[in-house]
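Undergrad: Please construct the entire structure, taking both the sequences and the accompanying hints into account.
Residue numbers for the sequence shown follow the numbering used here, beginning at 24 and rising by one.
Bear in mind the hints are in silico, worked out from the structure with no lab data behind them.
Any given hint could be a false lead.
Claimed, not checked - Cross-link-like lysine-lysine pairs, in silico, DSSO-like; alpha carbons within 27 Å at most:
no.	residue 1	residue 2
1	Lys46	Lys64
2	Lys64	Lys114
3	Lys90	Lys64
4	Lys64	Lys87
5	Lys87	Lys46
6	Lys80	Lys90
7	Lys114	Lys80
8	Lys80	Lys46
9	Lys114	Lys90
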Amino acid sequence: MRKRKSNEFLTEVELEFMTELWKLGEGSVRDILATLPPERKLAYTSCATIMRILDEKGFVDSRKEGKTFIYSPRLTRDTYQSRSLRNLSEKLFDGTPASLVARLVDEYELSGDDLEEIRALLDRRRTDDAT
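TA: Here's what the structure looks like:
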């Protein structure tokens with residue numbers, strides 16, 4: 024397939040499909056359709072179009088097995104999350120991660136366990152950076 028200029032970010036629908044593909048590891052249009060909630064009611068051709076777009080944008084690789092295209096992610100979920108979070112931090116929080124974290128802590132009703140987990144992550148990061 025011809026590759027279009029790669030876009031850095033996914034639309035909401037593309038992210039939904041990538042999330043299922045990350046879970047599957049690889050799969051055909053039918054495999055991906057089978058993982059979507061039944062109320063989604065997407066036609067095979069609509070799903071195939073979305074997968075073709077993801078291929079053109081460079082988010083997935085495809086190979087043909089008989090008459091079926093098999094898709095696999097070109098980047099990991101972690102890589103995409105990092106890219107998206109950096110973008111969010113740069114655009115909405117002036118590139119200051121502390122502001123992003125402060126907003127997260129202020130806006131969500133975090134339990135004591137959540138706060139302890141965050142504290143442990145920060146302590147671990149500080150220890151790792153010191154070595």
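Undergrad: Hint by hint, where does the structure go against what was stated? Just the numbers, ascending.
TA: 2, 9
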